[in-house]
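Based on the provided sequences and hints, a complete structural model is requested.
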Amino acid sequence: MSVRLHPDVVTTDTDDGTVLLNERTGRYWQLNATGGQVLRQLLDGHAAPRIAAEVAARHHIDHQRAERDVAAVIEQLHAARLVIA
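85 is the number that this note's numbering gives the last residue of the sequence shown; the numbers go up by one with no jumps.
Worth flagging that the hints you see were computed from the coordinates, not collected in a lab.
Be aware that a few hints might be false.
Said to hold, decoys possible - Ranges between beta-carbon positions, derived for each pair:
| id | residue 1 | residue 2 | range |
| --- | --- | --- | --- |
| 1 | A79 | T14 | 21 to 31 Å |
| 2 | D8 | A57 | 30 to 40 Å |
| 3 | I61 | R24 | 33 to 43 Å |
| 4 | H60 | R24 | 15 to 25 Å |
Ideal Cβ positions, reconstructed from N, Cα and C, are used throughout, including at glycine.
If you want it as structure tokens, here you go:
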């Protein structure tokens with residue numbers, strides 16, 4: 001599944017992660033460093049299982065936990081209408 005930012009959303013990387021701003025509504029969201037990495041990989045066309053594997057390896061966590069965490073980030077990005085498929 002290909003994911004892209006909603007046309008009204010811009011991002012900025014910070015020391016703490018990534019900030020997303022919906023320029024139309026003025027609402028913004030902040031992702032921690034891991035959430036920002038998940039978003040970047042999604043935008044680069046990587047699938048959730050691959051992203052989860054990288055998160056698990058990088059943070060030395062159980063793969064199933066990484067899968068749940070990545071799925072939660074993706075769900076929240078969609079629910080907030082920050083990304084579209």
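Taking the hints in turn, this is what the structure says about them:
no.: 1; hint: A79 with T14: 21 to 31 Å; verdict: 22 Å, holds
no.: 2; hint: D8 with A57: 30 to 40 Å; verdict: 34 Å, holds
no.: 3; hint: I61 with R24: 33 to 43 Å; verdict: 36 Å, holds
no.: 4; hint: H60 with R24: 15 to 25 Å; verdict: 40 Å, violated
Checked against the numbered hints given earlier, the structure breaks only hint 4 and satisfies all the rest.
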